[in-house]
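A.B. asks: Following the hints, complete the assembly by docking chain B onto the known chain A.
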Amino acid sequence: MSTQAQDLTVRKSVVVACAPEHAFETFTARIYDWWPFASHSLSRQPESATFEPRVGGRVYEVGPDGKEHEWATVLAWEPPTRFVVDWHVSEGQPSTELEVRFLPEGDGTRVELEHRGWERYGDEAAEARAGYESGWDVVLAPFVNATD
Amino acid sequence: MDALGDPTRRAIFEQLRSGSRSVGEIAADLPVSRPAVSQHLRVLKEAGLVTERRNGTRRLYRLDPNGLGELRRYVEEYWTQALAAFKEEAERERRAS
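These protein sequences, in sequence, are chains A and B.
Quick note: the first sequence uses the working numbering, first residue 1, plus one each step.
Quick note: the second sequence uses the working numbering, first residue 1001, plus one each step.
Looking at chain A on its own, in the form it has when it is part of the complex:
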């Protein structure tokens, strides 16, 4: 990975008061129970969201109309330690890579999230700017899908 790609990588971490196994299962198998769909999904009120627990598995939501929207495909699956997915929630946009690690810390778990590959968006921003003069907003609209 080149240095500037490293620089654009988004890193987040949070400590949760439970074992790695529980944190991993919550994040993946029980994603429907906590994911903030209202602001972070394509259909806003999906009927279901599924995280298929294997390499090659798909992460997808099913909208109220029964339509599937794929978010990601699993590249690495190592419960309860880490997973990596190819993240392509925004149709027609470059895909990025999301890695989440679950590390024991005291009685809890440090969840480290790394979202990388954003340099691929440079070109999209250029096109969006040329067309609409509003740059990232246009590129990100389908990805962020912020609440009104």
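By construction, these hints were calculated from the structure, which means they are not laboratory data.
Just to be clear, a hint being listed does not mean it is correct.
[As the list claims (entries may be wrong)] Result set (SDA-like, lysine to any residue): computed pairs, CA atoms no more than 25 Å apart in a straight line:
| hint | chain 1 | residue 1 | chain 2 | residue 2 |
| --- | --- | --- | --- | --- |
| 1 | B | Lys1087 | A | Trp34 |
| 2 | B | Lys1087 | B | Asp1064 |
| 3 | A | Lys67 | B | Ala1082 |
| 4 | B | Lys1087 | A | Lys67 |
| 5 | A | Lys12 | A | His22 |
| 6 | A | Lys67 | A | Arg82 |
| 7 | B | Lys1087 | A | Thr9 |
| 8 | A | Lys12 | A | Glu52 |
| 9 | B | Lys1045 | A | Thr9 |
| 10 | B | Lys1087 | A | Leu113 |
| 11 | B | Lys1087 | A | Thr73 |
| 12 | B | Lys1045 | A | Cys18 |
| 13 | B | Lys1087 | A | Gly66 |
| 14 | A | Lys12 | A | Asp86 |
| 15 | B | Lys1087 | A | Pro104 |
| 16 | B | Lys1045 | B | Gln1081 |
| 17 | B | Lys1045 | A | Pro46 |
| 18 | A | Lys12 | A | Arg82 |
| 19 | A | Lys12 | B | Ala1084 |
| 20 | B | Lys1087 | A | Arg82 |
| 21 | B | Lys1087 | A | His22 |
| 22 | A | Lys12 | A | Gly117 |
C.D. replies: Same frame as chain A, but now just chain B:
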């Protein structure tokens, strides 16, 4: 157009991470001509990655803080919200089902 897909443009982008530079300063560290550097800078500017300003008679180039930085800010906020929701659920006492 592939703004950061070109090795010379990546090298220029890399140089500008450490601060503002003129075309001449950028070209001095690269095996390409000044006109070529100017051409690459134009592409980076159009992609919203680099901006320029005048300093006396010199034009200085620097990374555009509103370019990929803006994207990064969105993504950071996206995950901050998602992880807060995740933490709440992961720590919720498991109820008898």
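A.B. asks: What's the verdict on Lys12 of chain A and Arg82 of chain A, does the C-alpha distance respect the 25 Å limit or exceed it?
C.D. replies: Given pair Lys12 of chain A, Arg82 of chain A holds - Cα atoms ~14 Å apart, limit 25 Å.
A.B. asks: Straight-line Cα separation of Lys12 of chain A and His22 of chain A no greater than 25 Å?
C.D. replies: 19 Å, holds
A.B. asks: If you draw a straight line from the CA of Lys12 of chain A to the CA of Asp86 of chain A, is it 25 Å or shorter?
C.D. replies: 18 Å, holds
A.B. asks: Does the structure keep Lys67 of chain A and Ala1082 of chain B at a Cα separation of 25 Å or less?
C.D. replies: 23 Å, holds
A.B. asks: With a cut-off of 25 Å on the C-alpha distance, tell me whether Lys12 of chain A and Gly117 of chain A pass.
C.D. replies: Satisfied, since the Cα-Cα distance of roughly 15 Å is no more than 25 Å.
A.B. asks: Take the C-alpha atoms of Lys1045 of chain B and Cys18 of chain A, compute the straight-line distance between them, and say whether it is at most 25 Å.
C.D. replies: The given pair, whose Cα atoms are some 47 Å apart, is violated under the 25 Å limit.
A.B. asks: Holds or violated: Lys1045 of chain B with Pro46 of chain A, Cα cutoff 25 Å?
C.D. replies: Between Lys1045 of chain B and Pro46 of chain A the Cα gap is close to 40 Å, so the pair fails against 25 Å, i.e. violated.
A.B. asks: Check the hint pairing Lys1087 of chain B with Thr73 of chain A against an upper bound of 25 Å on the C-alpha distance.
C.D. replies: Given pair Lys1087 of chain B, Thr73 of chain A holds - Cα atoms ~23 Å apart, limit 25 Å.
A.B. asks: Has the given pair, Lys1087 of chain B with His22 of chain A, been kept, meaning a C-alpha gap of at most 25 Å?
C.D. replies: Between Lys1087 of chain B and His22 of chain A the Cα gap is close to 11 Å, so the pair holds against 25 Å.
A.B. asks: Check whether the Cα positions of Lys1045 of chain B and Thr9 of chain A lie no farther apart than 25 Å.
C.D. replies: 21 Å, holds
A.B. asks: Take the C-alpha atoms of Lys1087 of chain B and Gly66 of chain A, compute the straight-line distance between them, and say whether it is at most 25 Å.
C.D. replies: 29 Å, violated
A.B. asks: Quick one, are Lys1087 of chain B and Pro104 of chain A close enough, alpha carbons at most 25 Å?
C.D. replies: It holds: about 15 Å lies between the C-alpha atoms, which stays within 25 Å.
Of the numbered hints stated above, those contradicted by the structure are hints 2, 4, 6, 12, 13, 16, 17, listed in ascending order.
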